[in-house]
Structure formats: C-alpha cells, structure tokens
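A.B. asks: With chain Z fixed as given, assemble chain Y onto it according to the hints.
Line by line, the protein sequences give chains Z and Y.
Residue numbering for the first sequence follows our numbering, starting at 1 and increasing by one per position.
Residue numbering for the second sequence follows our numbering, starting at 765 and increasing by one per position.
Note that these hints are calculated values from the structure, not bench results.
Positions of the beta carbon are idealized from the N, C-alpha and C atoms, including for glycine.
You may find that some hints are simply not true.
Computed Cβ-Cβ distance ranges for the label pairs, DEER-style [as the list claims (entries may be wrong)]: (1) Q1043(Y) / E59(Z): 46 to 52 angstroms; (2) K1024(Y) / D435(Z): 16 to 22 angstroms; (3) N701(Z) / L937(Y): 39 to 45 angstroms; (4) I1048(Y) / K697(Z): 18 to 24 angstroms; (5) G925(Y) / E59(Z): 38 to 44 angstroms; (6) H28(Z) / A809(Y): 24 to 30 angstroms; (7) K762(Z) / Q1043(Y): 27 to 33 angstroms.
Below, in silico cross-link-like pairs of lysine-lysine (BS3-like), each with a Cα-Cα straight-line distance of 25 angstroms or less [as the list claims (entries may be wrong)]: (8) K766(Y) / K118(Z); (9) K898(Y) / K754(Z); (10) K118(Z) / K804(Y); (11) K637(Z) / K1040(Y); (12) K118(Z) / K849(Y); (13) K631(Z) / K806(Y); (14) K767(Y) / K60(Z); (15) K760(Z) / K806(Y); (16) K767(Y) / K57(Z); (17) K806(Y) / K118(Z); (18) K806(Y) / K682(Z); (19) K31(Z) / K767(Y); (20) K1040(Y) / K60(Z); (21) K767(Y) / K631(Z); (22) K849(Y) / K697(Z); (23) K57(Z) / K806(Y); (24) K1060(Y) / K754(Z); (25) K31(Z) / K804(Y).
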Amino acid sequence: MEEFINVGKRIPKMDAEEKVTGKAIYIHDLKIPGMLHGKILYSPHPHAKIKSIDTSKAEKLPGVKAVLTGYNIPPIKFGFYKDNTPLKANKVCSLRDEVAAVAATDLDIAEEALDLIKVEYEILPGVFDPEEAMKEGAPLIHEEHVGGKEKKPTNVLNLPWRLIAGDVEEARKNSAFVAEDRFKVTWVTHCCMGTSGCVAQFDLKNNLTVYSITQIPSLEQRDFTEALAAMGLKGKKARVIKTMIGGGFGSKLDTYAFEYIAILLAFKTRKPVKIVFSREEEFFATSPRQPAIIDIAQGCTKEGILTFRDIRMILDNGAYTSWGATTPSVMMMPISSLYKVPNVRYIAKCVYTNNTYSQAMRGYGNPQATFAIDSQMDILAEMAGIDPLDFRLRNANTPGEVTPQNFKIVSCGLRECIDAVAQKLDWRQSRGKRDGRGVGMASLIHVGGGARVYKSDGCGTIIKIDDFGTVNVFTGATDMGQGSDTVIAQIVAEELGVRVEDVVVTHTDTDICPWDVGAHASRTTFVAGNSARGAAKKVKEQLLEIAAKSISESPENLDIRDRTIYSKKDPEKKSPLGKVLRAAHYAAGGSMVMGEYFYDPNNENLDREFKGNLSVTYAYGTHGVEVEVDKETGQVKILRYVAAHDVGKAINPMLLEGQVYGGATQGIGYALTERLILQNGKVMNPNFLDYKMLTAKDVPNFETIVVETNDEFGPFGAKGIGEPGLVPTAPAIANAIYDAVGVRIKDLPITPEKVLGALKEKAK
Amino acid sequence: MKKFDYLKPKSIEEALTLLDQYGEKAKLIAGGTDVIVMVKQKTMAPEVLISLQAIPGLNEINYNGFLSIGPMVTHRMIEKSELIKKDYSALADAVSWLGSIQIRNVATIGGNICTAAPSADTATPLLVLGTQVKIKSLKEERVVPIEEFFKGPGETVLKKGELIKELMIPKPLPNTGSAYYKLQRRLALDLPILGVSALLSLDKNKVTCADMLCTTSPISSILHKMEEDDLVCKEVRIALGVAAPTPMRAVKAETLLRGKKLSDELLEEVAETAAKEAQPRDSIRGEAWYRRDMIKVLVKRMAMKSIERVIQPEETVFPERLW
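Same shape as in the complex, but just chain Z (with noise of 0.2 angstroms):
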C-alpha cells in the first residue's frame, strides 16, 4: 500500500471555524451600497386565469422603485422543458406561481406594496392527482401542451422514459415466485439552512453580475446569458459569484424564476436587487422531491435467484418542468443494475398537475425505486422462504459485471458490505422473532465515477504557486458545505507534497474558475479530485524541472515531500519548495509555476434505449437497522444504524462520514417523519415546526463501515459519496418494522398511523 500524508486523513473542514463562529458570509449576509429588496407575489389559487392586475398602488408607494408582472417583462423562458416563466401571464397554474414582483427600499415596504397589487382571477378547475390528470377531460394544466401519436393536449409529457433488457413477459412465466406491489413516495423537501436568494447587478455596459448559491456556476452562467439576450441584451457578459452556500442537495442545480425576477429587477432600477426566501417560501416555492407512484414487479428462481424486475410509475410533475421529469433516467439505475437482475423494464410516465413542481434532491430518483425495489426483495425472499441476506448475496452484484443497462462494473464491494451490516447486526440471531424488535437491509448502487447526463461531463482546474510555496488552487467544482474544498486541497496537498494548510482553494467566480458540469451526481470528488490532480501533477512536473538544474539531479529523480524538492537517490540532495520557487520567479527570463486540466471522464450518455455505461464506475453501499415498534402506539425506534459503504478509497474519513451521517438522517426523515403536505395544491406544513425534519435528539448512533475497493479509475482510488449515504434507509427501516411487528408498510413516510393501522388490520 502507498503511504499518504495527506489523503486518507481525518482533516476538518477547511471552512469549519468560519461557520461554526458566524463569520461566514452567505447571501442572506451579503450587503452591495444602493441594494434594493425584491419581494414577489404568489398565486392565491392553484389554477386560474389572470384578468387584469393592477400595479398602480404599489407604485405610488414611497419607497417602491419597480413593480413587474408578466405583461411587462421579456420573453424569458427557463427550466428543462422551457415551460416556466418568471411572471406568469394570463395563467397560474400553481400556488407559486410568481405574479408580480417588487423592488424597494427596504424589504418592509417591498412586502407593503406586494398587499397593494390588486389582481383579479377567474378560478378553473384543478387537477393535484397525477392519475386523475391522466384521464379524458382532465383539466389540462398548459393547453398548448401537446402528446401521443395524434397530438392531443394532454398532461402526459413528452418523455417516454422506457427502459427494456431482456424479456420480461418469458422470465415471469419461467419464475418459480412472483411479488406484485405497488409503493408510493410523496413530497420531500431539502430543509436547507439557507434559505435560497441572491443579488443581481448590472454594470454600466449592461453586463450581468449575480450573487449566487447555485450548485452549477457555469450552467447558471449560460442560462443568464440566454436570459440576456431574451432582454435585447445579446452579446452582454454574465458572471456568478458564489457566497458560501448553506446546503444544496440537489435544491440549486436549476435556475428559478426568483433569480431572473431579481435579474429583471435589476435592470430596470439600474440598482443591484436582492431577493431572499422566507422559510415559508422556501417551503413552498422551491422544488422538492418527485412523488411517484410505483407498480413493481420481481420473480426469483427457487433457489432465489433474480429473473426479472418489471416496473411502471407515473410521476406528479406538478405544474412546470424542472429536472425532477428527469429522475427516470436515474431510477433506471437501481432497476437495472441493484442486485443481478437478467430481464428488466421500466416504463414512467410524469404528468402535469396543478402542485409544486420538483427538483433534483439527493439521490436523484434512486431512494424512490430502491424504496420499491429493496423492499419487495423481503417480500420476495419470504414468498422464497430463503433469509433476506442470503437472498441479497445470491444476487449481489460483482467487479467485472456488466449490468441490462451496459453498465461496467468496475470496483464492487456490495458483498462486503452485506457481510458487515449482517455481522455487525448479528443478523442471524436478531431477526425473525416478530416480538416488537426486528432487523432489516437494504442496499444501494449509485453512480460513483460522474455521471455524463450533459454532453461533457467534465471540470477543470488550475493551479498556480508562489513564491512561498502557497498553492492556489482555481476548480471548477462547488463547494456547498459538503467539503469539495478540503477534499480537493488533500488530494492537491497529497500530489504536489506540500501540506493541506499550504492550499488555498478558489470555487466561486466563473469570471476566474474553469467550467464545470455541476455539483451533481455525487461526482465532485470523483470528477474534480481527478481534475485537480491532473492539475497538480503538471504543476509539480515543471517545479522538477526546474528543481533540476539546481539541485543538478535528473527530474524523473526527483520527488516533493513535506515541501521540500529531493533526490530519490540521494536524499541528502534537496531543496525546499519556496526557494525553488523564488529562483524560478526572479531569474532573468524567469518563469511561474501554473497548471491546468480538463478532466472528463471516459463514460458514455445513455443512448436512446437509455442504456450506456453512465458512470466510470458505480458506488455500492448496504444499510442495515434495528428497530424496536411500540406495538400501542405504533412508534418505531431505531435502536442500531449501521451504514457501510464502498467508496473506492476515503480521501477523508471524518468528512465521508459527515456524508453519511447526514444522508442517512435525511433518509430516516423520509423513512418516518418528513413529508411536504399538499392539499389541492397548497403545501399545508410550510414552516419546521410542521414539516417534521428529525433533530439532533433523534438521530441515532450511526455506525459506518468503510469500505475501500480502491477504484483504479478513482482520483487515489476514490468514488462518489454524496449522495449514497440516504439511498436505502427507507426499505431498510420498512424492512426492519416487517420483521419486528409482521406489518409491510408500502408508502413514505412510515407513520405511528400506518403501523398501528397495519397492525390493526393484521389483528382482525
């Protein structure tokens, strides 16, 4: 094994002191002089004609510098499907959908002269059941929307996620067990610390400055610049700054019409304008989680093994399109590729309603269809009288593999994280007593090596260094509290054989950092650590070089160890960093250590079968709990929670954990507690006191096990960990309370009212 200094390391976060003291500044902190305040007005009414809106109070309102609607604002259209617009005109289809919107002063009277927009509506008819909005004469959310061979208005969009490997329809006839459920998974949202916002500027060239938390700066950066020349502004620069970003989660990686409102504000004022949510907004107004509807079925052989997996959802898209429509093409990850499974197919339909419309959040579609999928494998391996974990080792997924999908399998370590949790749970001994404490499991795959959903799945890095030996480090990637920063300096660090603290890493300008995909897909530390790296070893290439001649030693003899250039053959033989440096710099005709690397990783786009080798290599994971059920009250406890993952290598064990921990977290809260409540349209738990995100007090003691399969295609062998940490808490826990009480609980969340119905109806 080679020997790290810095990369395997338990090293804090390079921005922990900043945070946990309040010094950091984040958006709702950021102050520019003549700053307005920009407040918008939502939908009273889930779907409803505009009949006329009248401004001309606001206006007169002192204080007031701009109000906007949609009758007087550019065409802008946004979003994946291009089907949103920043104010709505003649239409609402959504209670957030933005009417109006205002700059003022201050954010008092902002919000004052919001209640002096008088805006008549004719109420339609609404839809809030993606079924419902499927059928004949369904109100149609967007008229002009049109689907299906005869290009009839419908709220079926035009995406036929399909998916189709082997033959399912033989494989059934040839399973000896056969399970057919159906599972539903409702809203959840991001809860992020911050709350969204930011701060658009112009200069007086009419070039674009936004202050931004996005989780994708050069992406936002080409939607500005479409937005740009939708405002007669062809040709007119855009630049994202990033503040510090209070959690992402997947909430960030779209742009959202209170970022082009505040755009527009901007520009019509000359002044910069802020937009901040409330919490209630951010409630409300973001993008959750997608709800689906899962019909699921999966045959084994009698000895248990795997036949076929065949399944149909339909997805509430809610009222616009954002890359929640797009979750599909992840689903068909674990459908194809979560346990060994020859036949496979997926067919989802996402349909307009008149709610919310979703977004990307953590796990992107995965915890949805392994919720199903890990779910039906207990009920599976029962009808098949084999024990759950026997059943998931017989079908474990393996390195070489290639997956109905054409998915490599490169690096897997499934099966050793199976064992552990068994081990670790005593599985043997703990489960099937049915006496109110049970055991249960759960596995995930995840993409691990990027993911190329976009034509260039790439980042890019530079490097410069000083004359002291301070290496700056410029990426592409995005820091959003999960600890790219610290991540990327390791493996820097590690690289260029300086220390950790010697790296000062830059991730917030696009007018100074090279492009990148976004923070997505849990491929920052996969994708940008490889980018970095690359970076780092052309920097250190040329410090050899010029350590050469100095030290008079051949380059290739040459190594950098705790800043400090020496000669492999003679250590006695050296020079320090920062003199090297200094000589380089002041000689005449000197020259300065700079490197740069695009890295893409060599992974495919999913072909129009939707099948491609996504990823450069795949993560693995198995979650395993003890639960303990309150067979009166219908409470679950979680007694144990071990997590162990195959994250290739850990760059930082203590950071990797944080990801687990955290997604796990998330995961119990969609398991037991969380979901957005919406009433025809209308979340009804906008705020954290109804929306039950878990706390401190009722996070368990988790136990994660590290698995390191060393990925050869990794940056020191690592893969993705993002995201995995909260993929299959769901069926783990609904796996556990079957085992505990005898009660199956099919949709999320998992309430003290569903078990103790289940119960019940079990008793009768």
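C.D. replies: This is chain Y only, laid out in the frame that chain Z set:
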C-alpha cells in the same frame, strides 16, 4: 414585519396602566416565542407591545405551603427546579419537552397558557395539579381555577386590561405521583399529536411488587400483582391536550377511578372513558381516530407512571419513549 412600539414597564401597576391606556392597540409580551411569530405571520398586528420583562418578582418560583410560579418564569427555570421535579413531576415532564433549550430559555409559563393553544404543553399538567390562576387588573384581583381559564383555541377568560399575576399550585396529597406524556413525531421542537397528564394519590405507601415496575413486565401483570395489595386510588385527575378545542379534564374517567381499588381492568375502562369524553379532530398534525386510540393507551400509561413515581420517587428520570 409590521413595526410596533416596545414598552418596558417597571411595575405591574405601570403595565396595567399602559394596558388600559392603549387598549386594543396593545398586546402583552412575555418571552415572545409566540407573540413575535404571530406578528411576523400577520395573525396579530399590535401597535404597541408591552413587555413584562422588567417587572421584578414575576419570574420567581416560591413555596409557602403552596407552589407559586410567576407568569414570567421560563420553562427552563421550571425544568431546573428540583422541587417541581419531585412533587409536581407532570409539569417538569412538560417543560422538558417543550421546544428546545433555546426556546425554553425565553418562553414563559404565563405566555404558554395565555396563548391558549389546545396543544399547550404546560396546560394539562397545570390542570391535573389543581392550579389556580391569579388575575389582576387596575380595578380588581381575582382567582380562577385553571379549568375555567381556557375558553377556546387562543381564547382565555382574561379580559381587556388584565394580566396573570401568579399561578398557585396546592401541595399535593401524600403519596401522589403525576406524569405527562407528549406524543410527538420527533424528540424536540415539536407540538404534541396528543398530550396526556395524570395525577394519582394512593392510600398506601408500601407496595410489595415495587421492584417489578422497573422491569419490562407488561403493565397488566404489574397491576395484577398490585391488586393483591389492595391499592386504592384516593384522588385522581386526568387531563388531555389536543383532544378538544381547549385542554380538558377527563372528568368522567376520573370519577370512575376515584376511591376505587386499582386494577388492570379498571384502568382500561378509565382510559376508554377518557377517550369517549374527548373530542379530537382531524388535522395535518394528526388524525382523530389515532388521537382517540392514543388516549386509551396513554391515559393508562400515565396512570402507571404516576403510581411508579409514588412508589419510586427517586426514579424521576423520564424515558423519552415509553417502552
């Protein structure tokens, strides 16, 4: 947030004078954990907030034959009071579950009952503990039993110009135990799906099966043992939160138990009766059927917990979940 003036009187008289002077325009503010939220949510738009923070004496806990709690006493102060933990355990339970430590540091007991939420954590313990509310205005001072204090969601008997001066809680009978359980979806920062308080006074101190209570034996078997001890319930009070428009006493259930020999069957019947007396409703926070079912379960458990506290008074630690 709508702007308001903030006044800080130095005495009760000054506060009452200001209250009288501003009338409808003014609201009293104690810890502010409810009032400021309501102002922000625009459910309340006072022009003047009159703070009770600077009035000396309102934030004291005293004992002079009865327990006296000032309206400005914070939940955290109650939580830290050994006396309350020992003799008025239900109240100690309630404050230890309210909000978070940060909220408990500022939220007051006077504020909690004046907001008069059906879910108010301190309401049901105050009900079972037989609390009297001393109310003062410029003109008079009156004492109202807590049963009569709540009039509806957000409504109390407080009239314009009145404030709470003191909560008075009698010394419990010998061999009394009380307990509160908050049925909630997470362990902090939550409102109860249901709140249940019980207080039981027993006629006997020594129970042979005492050591069984800390075992995992089912309640029925423990009670079965107790039946042999002829354990009589001298006094009982049961109160329910989120089970009706106001926090309520389950009077019929109490009557069934008062003066009777304790038995598993009787407790079962008492809990059933309490569930029948309640009028829980469906809301996003919980369904009526579940609340009613849980009254049956939790009344019994709280009665048991109260008995346990008589028998093992040193065991005041309350588990977060009850199994």
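A.B. asks: Now, for every hint given, state plainly whether the structure supports it.
C.D. replies: Verification of the hints:
no., hint, in the structure
1, Q1043(Y) / E59(Z): 46 to 52 angstroms, "50 angstroms, holds"
2, K1024(Y) / D435(Z): 16 to 22 angstroms, "34 angstroms, violated"
3, N701(Z) / L937(Y): 39 to 45 angstroms, "42 angstroms, holds"
4, I1048(Y) / K697(Z): 18 to 24 angstroms, "22 angstroms, holds"
5, G925(Y) / E59(Z): 38 to 44 angstroms, "43 angstroms, holds"
6, H28(Z) / A809(Y): 24 to 30 angstroms, "25 angstroms, holds"
7, K762(Z) / Q1043(Y): 27 to 33 angstroms, "29 angstroms, holds"
8, K766(Y) / K118(Z), "20 angstroms, holds"
9, K898(Y) / K754(Z), "44 angstroms, violated"
10, K118(Z) / K804(Y), "22 angstroms, holds"
11, K637(Z) / K1040(Y), "29 angstroms, violated"
12, K118(Z) / K849(Y), "56 angstroms, violated"
13, K631(Z) / K806(Y), "42 angstroms, violated"
14, K767(Y) / K60(Z), "21 angstroms, holds"
15, K760(Z) / K806(Y), "43 angstroms, violated"
16, K767(Y) / K57(Z), "21 angstroms, holds"
17, K806(Y) / K118(Z), "19 angstroms, holds"
18, K806(Y) / K682(Z), "19 angstroms, holds"
19, K31(Z) / K767(Y), "22 angstroms, holds"
20, K1040(Y) / K60(Z), "58 angstroms, violated"
21, K767(Y) / K631(Z), "50 angstroms, violated"
22, K849(Y) / K697(Z), "22 angstroms, holds"
23, K57(Z) / K806(Y), "21 angstroms, holds"
24, K1060(Y) / K754(Z), "18 angstroms, holds"
25, K31(Z) / K804(Y), "23 angstroms, holds"
Violation of the numbered hints given earlier is confined to hints 2, 9, 11, 12, 13, 15, 20, 21; the remaining hints are satisfied by the structure.
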